[in-house]
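The listed protein sequences derive, respectively, from chains Y, P and B.
Last residue of the first sequence: 415 (this note's numbering), numbering continuous.
Last residue of the second sequence: 443 (this note's numbering), numbering continuous.
Last residue of the third sequence: 1422 (this note's numbering), numbering continuous.
Note that these hints are calculated values from the structure, not bench results.
Keep in mind that a hint or two might mislead.
What the hints assert, rightly or not - Covered stretches of chain B (in silico footprint by chain Y; criterion: 3 or more residues with CB under 8 Å from a CB of chain Y, positions within the stretch not fixed): (1) 1134 to 1140; (2) 1262 to 1274.
Unchecked claim - List time: in silico BS3-like cross-link candidates among lysine-lysine, alpha-carbon distance up to 25 Å: (3) P/K148 x Y/K89; (4) Y/K137 x P/K148; (5) B/K1215 x Y/K284; (6) B/K1256 x Y/K318; (7) Y/K188 x Y/K221.
The structure displayed is predicted, hence computed values, not measured ones.
The beta carbon of each residue, even a glycine, is placed where N, CA and C say it ideally should be.
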Amino acid sequence: MSKESGNGGATRRDFLKATAAAGAVATVGSLGFPNVLRGAEPKEILIGHLHPLSGSLAFDGQELKNGLVLAVQEINAAGGIKSLGGAKLKLLDADTEGKPEKAISEVERLFNAGAVAVLGCYQSAVTLVATQVAEKFKLPFVVSVAVADEVTARGFKYTFRVQPNAEQMASQTVKYLAEIIQASGQSAKTIAYLHDNTAFGQSLVGHVEKFSSQAGFQVILKVPYSPAAPDVSTEVGKVKAAGADLVMATGYFGDGVRVLKTMRDLKLTAKAIVGCGNGAFSHPKFVQELGKLTEYVMDGNYRANPKSELTKKAFANYKKAFGTEMGSSTVFSYQPMYVLADALERAKSTDREALREALAKTELKEHILPQGPIVFGPDGQNKNAAAAMMQVLEGQIKVVWPSAYAEAKPVFPVPA
Amino acid sequence: MAEKPRSEGRLRRSMSPRAWVLAILVFAGLHALPYLFPKITHSLIMILLFSLMGQGWNVLGGYAGQFSFGHSLFFGLGAYTSSLLFVKAGITPWIGLFGAIGVSISVGLFIGFLSFRYGLKGPFFALIMLAFAEICHMVSKGWEWVNGARGILIPLKGNAPILFQFLDKEPFYLILLWLTAASIFVVWRLEGTRTGLYLMALREDHDAAEALGVDTLCYQMKAMALSAGMTGLGGGIYAQYLLYIDPDSTFGVINSVEIMLRPIIGGPGTVLGPLLGSLVLTPLSEVTRLALQAYSGAYLMFYGAILVAVVMFLPDGLAGLVRRGLALRKGGER
Amino acid sequence: MPGNCGRPMTWSFAIQSLLNGLLIGGVYSLTAVGLTLIFGVMRIVNFAHGSLMMLGMYVTYWSVSLWGVNPYLSIFLVILVLFAVGAGFQKFLIEPIMAAPEHNQLLLTLGVSLFLENLALYLWSPDYRVLKTWYTDVNFYIGGISLSLVRLLAFLLAVIFAAALYLLLSRTDLGRAVRAASEEPEGALLMGINVRRIYLFAFGAGAACAGVAGAAITPFFPVYPYVGGLFVINAFVVVVLGGMGSLVGAFAGGLIIGVAESVGAMFLPGAMKSIISFGIFVVILLFRPMGLFGGRSG
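Using the sequences and the hints given, assemble the complete structure.
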């Protein structure tokens, strides 16, 4: 700055002092009177999301995005975030391309673009990285779909997950299976487990083994396969040759379809084919793709509560908006968005810290999940997260267990 | 046809004092970049990282003439080595990086010995590197000790410089800035040494070099060691930057392509080629991703088109273009 | 012989694996035949081969979905389209750089594959597309073994097409010209053979092979932009195994690799089964680079 001479010398100091004073008043003021000093309420609240919008999992990623779009539309149509003057939610897309390293730049981009929170990522591998970056930035991250336990086991403060983690998913699937078998009066002891070899499948295998042996089952064979493999006949053949009573399968949508088709082609017989968190087995498109081949296939997976009115409304709205049925994964982009909206209402602010606090105190009873209220533990995991057991019966995917949420009775064993 | 200007440029070994001062000023100035433009720090880090690894590829491909289509092998080995040393044995990555370099060099020498001893070159060498990279890819996916497909999550320690973890990006940038500058310097000096000259000789005509008594195996191995080491180092740093690695993001074929494209487009066999290539490609991929939002694989379309264009019209890469431009300005006689 | 998980290694399982390996091997064979033809005639290592296969798959998929054409009839369209693409590729991109160092040609084909795959991504979205026909589910059962109709058809198609190509090359004038041009381009020129046109033909035919292989598997394999990547590496392994430039070698190699992978999968965890083909690849490259049937070395 140029020298100011004469009485201008004092002017600069005064100017600075005045500015500082004004600044102090503004700061103190904004702390005490947010509405007054900030002027208008935020018209738009930016929420980012990271999903594989392209690549091999694009189908799943786009579906998750649909769920978010629907939730945002509904929330906005119902008046937006009322405690913030009816501010509307706005979705910011980020394509992870299915790659963990893309998550880094995308989380940062969303952060810089002003997202107050982020949802994602469908793949455990990508979610692990994304949540770590979000933690560094102190950006609230609500997981849409990702099952690996570590996502909420690292002591992070900004990560929240609504869907069941691997341990919950595996333990509940095994429990329901044991209960179904007991109720049928039949017996089944041995399990052959076919699973994808990515972080998804591998995170479930250990738990399934542990809980199975606790429940009196015996996992006699585990066969990993690559979701990208052109041909899984040999892997399925191994499972067939093992002759286990029960066949379990974990995988994403595309390979799940391929696996079941191969099982039918090879005439694999078992008392039941049970998915564990399977991306295909309880997906509406599964039945469209394979028709009668899917009959009696079970899946222990996350799901919307079929008996809830909210669920029926949501499903109807989804069908109207996108022309297809809402898949279970999509439930977990839809519901978490509502969790966020609820937290924003309670936080009465778009400040990320306040939002984090509100999220941590979540006790959401109005939701479409087959569980009690959504409450997060100190680790950010939904304590009451529950899976359900579905089965394809007469071309329809129905919840068959637990009975509180069941739409139909399970058929076990599969009729010969 | 495009060979001659390249070798003539090589003989200009020393830089004038004025050039040195300029270089040092530019280098010093670069330190300030992330503070001036914090929003592009990540891109800058990626530019430098791939420029470093690209330089590694360049030593083997551009200078020794052995195009490897599997450099993700060293990237992955480096990333996994330093990460495993930390996660399993608590060894700080500052030391772990040396392990990363060591393992990469060892594996590189092994493959190099096998390949060069049996006279593999051209597409066969390219493919065998690809094969080894894919083998490592698959092994790491199926091997429980390295966590298989779940990958390795490096525990977040907040700001822990001793453990090579920083909350801010700037330290990564500065470290990579120095390493990239070092890699450029090393290769620049290499050009003038006997090793460098022999490498270029055997690149141009392997048999003639042999006939002249050059121990081609020895020099190719040296090139491989330097190449593997540089790329492995990049892998280790990448692991610390992301704090998470898995088989696909490290050993995947796409990394081999990304590493390789930097020097090829920038100018294979030139000192600044990898950096030039990185300066063009990294922003390009970011920009096209934002511009063509629908399916962001689009940037790879541009990579492909650029690669084709470079091969057809600009085989010397951007560096060649620059040199020709400078030569024309100086009066054009070549 | 017990497997490494202590499960019974039944004969039917072993035979089933062998059979499946053979059937998919046929597809590998056809893909490899195309690749080896391009290499044999022009010494070009065509990295874009997988994307050409992908194009063939999309042509079939669109023919069936948009016009209701039978997937096996659409093969004629695939041949036409892919031949044109291959020849165009040769004429506009490869020809100008035929004299350039080998690795430049390698890079060019790599660039083309990147471009094609992501162009497909841009145009047709990353969605997996699966053809549904009534015969997709048809299986024959012989003893405890199941034989999928569509896989059998894919195998037969591969055999027929490869055989046709072989006959073309060994019995016709065109074939003789191709062989002349590949062994002695200068001599062939002197004999009045339009070598450039032969190259166009060779690349077109090679591309058509990839396209037909893609069309053959579309009835039972999902179509998506990056699907070629799964096959191109295998194709290279097969070509090297069989001997670069040898059609018979490529064919035999495809079957060998198909069976080896399937048999390997019986003993190894799923993801590692390709280690067998890569292992074979490395061993062949190092110790017998001319492959099993190859005459000339790489």
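Which earlier hints can't be squared with this structure?
-> Failing hint: just 5.
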